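Colleague: In case you want the letters, here they are:
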Amino acid sequence: MKLSKIASILECNFEGSDTEIIGINTLKDAKEDEVSFVSNSKYVKDLEHTKAAAVIISENLASQLPADCIPLVTKNPYWSMAILSKYFAPPIEDDTPSQPKIGKNSKVSPKAEIANSAVIGENCTILAHVYIGAQAVIGDNTVIYPSVTVYRDCEIGNNCMIHANTVIGSDGFGFATNEKGEHKKIYQNGNVVIEDDVEIGSNTSIDRAVFGSTVIKKGVRIDNLVQIGHNCEIGEYSVLVSQVGLAGSSKLGRNVVMGGQSATAGHLEIAPFSTFAARSGITSSIKEPGKTYAGFPLMGHRQWLKLQAKLARLIK
Amino acid sequence: MKLSKIASILECNFEGSDTEIIGINTLKDAKEDEVSFVSNSKYVKDLEHTKAAAVIISENLASQLPADCIPLVTKNPYWSMAILSKYFAPPIEDDTPSQPKIGKNSKVSPKAEIANSAVIGENCTILAHVYIGAQAVIGDNTVIYPSVTVYRDCEIGNNCMIHANTVIGSDGFGFATNEKGEHKKIYQNGNVVIEDDVEIGSNTSIDRAVFGSTVIKKGVRIDNLVQIGHNCEIGEYSVLVSQVGLAGSSKLGRNVVMGGQSATAGHLEIAPFSTFAARSGITSSIKEPGKTYAGFPLMGHRQWLKLQAKLARLIK
Amino acid sequence: MKLSKIASILECNFEGSDTEIIGINTLKDAKEDEVSFVSNSKYVKDLEHTKAAAVIISENLASQLPADCIPLVTKNPYWSMAILSKYFAPPIEDDTPSQPKIGKNSKVSPKAEIANSAVIGENCTILAHVYIGAQAVIGDNTVIYPSVTVYRDCEIGNNCMIHANTVIGSDGFGFATNEKGEHKKIYQNGNVVIEDDVEIGSNTSIDRAVFGSTVIKKGVRIDNLVQIGHNCEIGEYSVLVSQVGLAGSSKLGRNVVMGGQSATAGHLEIAPFSTFAARSGITSSIKEPGKTYAGFPLMGHRQWLKLQAKLARLIK
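Chains as they are written, first to last, in this note's numbering: chain A, 752 to 1067; chain B, 752 to 1067; chain C, 752 to 1067.
Please note that the accuracy of each hint is not assured.
It does not matter which identical chain is meant; a pair holds if it fits inside one copy or across any two.
What the hints assert, rightly or not - Listed below are the simulated PhoX-like cross-link pairs for lysine-lysine, each with C-alpha atoms no more than 20 angstroms apart in a straight line:
| # | residue 1 | residue 2 |
| --- | --- | --- |
| 1 | K1042 | K936 |
| 2 | K931 | K969 |
| 3 | K1067 | K753 |
| 4 | K1057 | K1067 |
| 5 | K826 | K852 |
| 6 | K753 | K862 |
| 7 | K1061 | K858 |
Calculated directly from the structure, the hints in this document are not laboratory data.
Since the structure is predicted, the reported quantities are computational estimates derived from the model, not experimental observations.
Construct the entire structure; sequences and hints are all you get.
Modeller: So this is what it looks like as structure tokens:
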């Protein structure tokens, strides 16, 4: 889409080279053929180094852009980005005339739905009522149980097992809100990438990224009814017990263990080999690896035991 | 069903006009062709104004009924109502010979199941393995992702998006229990009404009403793995983050925000523009609009921060 | 499988009678044609009475086995058991040529998938997109709503109702972890047994047992989005409200009531008629029947109210 078309969609002025734009991305990750946006003061620092062709921006910040980056000035840049996101959303289903590629010795139920542009490896078992969307890729030796939904563009590695009714790649929970309290959807144009040797339980939801990928690394174990928000990254061999909830963009190091019903806020980084007791509520990043935590607010596991003892005395 | 038939099902006496009854409802909402019941002292006050043709009632309360309302006296009115509810349950599937009505430009997967008596608007996308039950109505421009189940009689508005494996209209969690501890199902003969511009995530459950409707108003945003009990009402533009749980009959005003894993007890009213931090546990109604809360038990968000600081000092 | 084959798979020595082995089981439940294992000091006491033909064991414990029980000595018996479990896993789907047995007056949607070796009783309703796996057995008068998945070998009784998108029999969350932090799946070769008159909500997950059965007894009521771990046993008429989570091997007595979002740790025994308020976190067994609890850590409900009052004073 031409930059001039974008400016016209966003009803804003536009000066400079009318280049072809292929997508939206963060200031940090945007390439020369993408537009970006700034709506949160936290990201203003990324303005000076962005490679984006153009940035949706409020008037007062426009001067901080690099010289070769075109400002698209709007009153509410986040709302504008939400409007634009729809134009870069691929169709829900592709009208590819070809057949899906299915590797040898793979058994695919005739009651599964495999998009024409999907690719399935060798020795897979795909059971009834599974949906594999457009451009999705499944590796070798992977088992997908009934009624699993894999949205378009998502990737699942080799030797994975996905249990029934789990959803891979539903839209992240993203929207802009205006001053009247109305919401505008931010189309989630990223995907989910699941590496090799991952097992995921039943009725779990893993959301696709808004830009880029939500990533589940090699050897991870995820239980039933777990929520993984958009753009999370789960480190190798991490273990997420049932009903865990991860808000968007949190990154877990390798071998992190999260007990049942524990949860993280968004945009955190959790050091490798951290362990969280059931119901832990994690609201800040954890830098030191290998420690054990509990409680909400979170504290060291020992501290938590001490606090419980004190509270027990309080009620006597 | 004739009132005499109902009296015979409930094995109780019956005096008065043998009118035709079309359903069961609360004392407050029952019309002249419905029966009601009273089983909770909280609702005794509604007896004098009820328009119900007859009320299932214990002997000691029967005298409080209006003169033209027929008492159906039983030992355990709630249990009796549960017995009766089954007789008013429509069949799970209708044997309608006609085809479903599907609006122009709508794409319905041949692997979806659309009941014959269902109506789907224009420009909709209904993906594989979706189930749309009898008499269900879907508006225009609505997208329903794979393996979503919409139970019979439910309504979804225009411009909605329902993500994969979500369930709209499963039975509310209703039953009577007798003195032996056995349970009797209360058939949930109401429905779910979802207004326009609503987006709902994956693996979410929204229960149908026992009587009347569970209502999701215009512009609401619901994340993944959320539980909405029967007869809840979610106000315009409210936002329910992942793993929120609402017990039955709670009513949220407009633009209420509930953080991840927060929950409400049943039968509450929450003022508009209230915000609840993640894990909040709400056990009483909130009358003042626009405040922010946290914790379980619930308190003002600032108070909660103060309490955490005090507890932190306790363990030092 | 011959014991000599097992020894060769586990790369361990083997002396004694080369009997035919049909499965793996706990020390307590293993029969003469099964192998067992010991990996947790808690179970060392079961060594002397085991009837297992052979036990996977570390060198230092081997001498405690009964005389007629063959030791299979490995460095990491739990890891070895995980390796072996795969060999006793039945195929995901059976290649039975016959048709499933479907009782008279049962309505099965042509869009459901019923394995050839499954048995469905009389007067059942099986809706679209349901999956009933190999050897699964469904009783009479049972209703199974759309997109429910019943894994192979599971049993559901008479007069049950399973709401949409619920999963019965997905794999328990079981794996061994080695010193590098890598995981090895423990195949879950047990099943789920649901007795008569049980109703289960939508989007609930009930995991199959690793050995033996996960059991849901007569008359139980389970709400939406509930997690039941492998080898749990839920007593008659118990009530599990939405978003409850039960870790593996916990046993609830009859008429236990668990409020919304409450949870138990694994391997607990809960006395009959115990009641837990919403969000209770149960970490030890409860022996006295009929009491009411709240909080996490758990305490008597009255104590919890007292504690909340004290905390309220703290912040004033």
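Colleague: Now tell me, hint by hint, if it's right for this structure.
Modeller: Tested hints:
1. When the C-alpha separation of K1042 and K936 is checked against a cutoff of 20 angstroms, the pair qualifies neither within a copy, at 39 angstroms, nor between copies, at 25 angstroms.
2. Proximity of K931 to K969 under the C-alpha cut-off of 20 angstroms is restricted to the inter-copy arrangement: shortest distance 13 angstroms between copies versus 44 angstroms within a copy.
3. In this assembly of identical chains, the alpha carbons of K1067 and K753 never lie at most 20 angstroms apart, being 71 angstroms within a copy and 60 angstroms across copies at closest.
4. For the homomeric pair K1057 and K1067, the shortest alpha-carbon distances inside one copy (16 angstroms) and between copies (10 angstroms) are both at most 20 angstroms.
5. Proximity of K826 and K852 under a CA criterion of 20 angstroms is satisfied in neither setting, with 47 angstroms inside one chain copy and 43 angstroms between copies.
6. With identical chains, the CA atoms of K753 and K862 are never at most 20 angstroms apart, being 42 angstroms at best within one copy and 38 angstroms at best between copies.
7. For a Cα distance limit of 20 angstroms, the shortest separation of K1061 from K858 qualifies neither inside one copy, at 59 angstroms, nor across copies, at 60 angstroms.
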